[in-house]
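Participant: Count along the sequence shown starting at 1, add 233, and that's the number in this note's numbering.
Rather than coming from a laboratory, the hints here were simulated on the basis of the structure. Bear in mind that the values here come from a model prediction, so they are computed numbers and not experimental data. A virtual CB, placed ideally from N, CA and C, is assigned to each residue, including glycine. Check before you lean on any hint, since a few could be wrong.
With beta-carbon atoms standing in for the labels, derived distance ranges [as the list claims (entries may be wrong)]:
1) S495 with V365: 20 to 26 Å
2) A288 with H496: 18 to 24 Å
3) V365 with S415: 15 to 21 Å
4) V260 with A452: 38 to 44 Å
5) V387 with G327: 49 to 55 Å
6) V366 with V459: 44 to 50 Å
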Amino acid sequence: MTDALSAQGRLLRGFAVEFLTAHDASVARRIMAPDYALSIGGFLLAGRDDHYLPATVAQLDQFPGLCVTAHDVVLGENAVALRFTEHGVSAREGKASSWGGVTLFRIEDGRLKQGWAEEDYLARKLQLKSGVVNRIDSPHAAPWDEPVSVPNTVTEQIVRSWLADPSALLHASEEISAGGPSLGELFDPGSIEISFLFTAGARAAFHAVIEGSYLGGFADLDRERVGAQAMLPVAGIIDTCAGEVIRAQVCGDRLGLHRRLSHR
């Protein structure tokens, strides 16, 4: 039987289903280059076997029944992106939680070469404390069957222009978070540096780091922290139409922002 899926779709399915949901680390070694590196939450996990896999397997051990639900997929020629929810029961707390995120991958020589991701770990923390699980959005009907689209310079121009104003990014987006303060309530953005961006037809996906100041919003932080300079990594998927951004799905590192402010 011939596999009708694209090579890009098979890679992303391998990551989300065969590796993470099936908890099979051997799949990661098949689909990821040995020098694979992941940027997440302001950290770089460089090296598939030395750093990335130990960190990821530790999470799989904490959530032995962890599943990944795909909500949106962008398949480009040499890069792919996924909006997802991870969900399962923590072996530590004995409680279930669900948390969303966006991940991007650059493909080289048929394997995942580099990744960028942000996940809403604050939502996970709040649920494990409360014992109340957040609703999981509807899955994509056929994520791995999405067509592969070629890069589009017009889309890139539109998206880069829109991203140049990080205030729009934080306030006009479909935020991938649940519970607690929103990104716009927490953070006053200043400058933005794009880590990675690719286009696929009228769609794009990106990872960026925003520099700015804390507005308040975390109930357990002293008010003296308001105004403190901080960084906020974000990842997202953007749709364009007729020269404009019509949808932006964005996940920011709220928990990392809290931790960075707490350690000042």
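Participant: All the hints need checking, so say for each whether the structure fits it.
Facilitator: Status of the hints after comparison with the structure:
| no. | hint | verdict |
| --- | --- | --- |
| 1 | S495 with V365: 20 to 26 Å | holds, 24 Å |
| 2 | A288 with H496: 18 to 24 Å | holds, 20 Å |
| 3 | V365 with S415: 15 to 21 Å | holds, 19 Å |
| 4 | V260 with A452: 38 to 44 Å | holds, 41 Å |
| 5 | V387 with G327: 49 to 55 Å | holds, 51 Å |
| 6 | V366 with V459: 44 to 50 Å | violated, 32 Å |
This entry does not satisfy hint 6, going by the numbered hints stated previously; all others are met.
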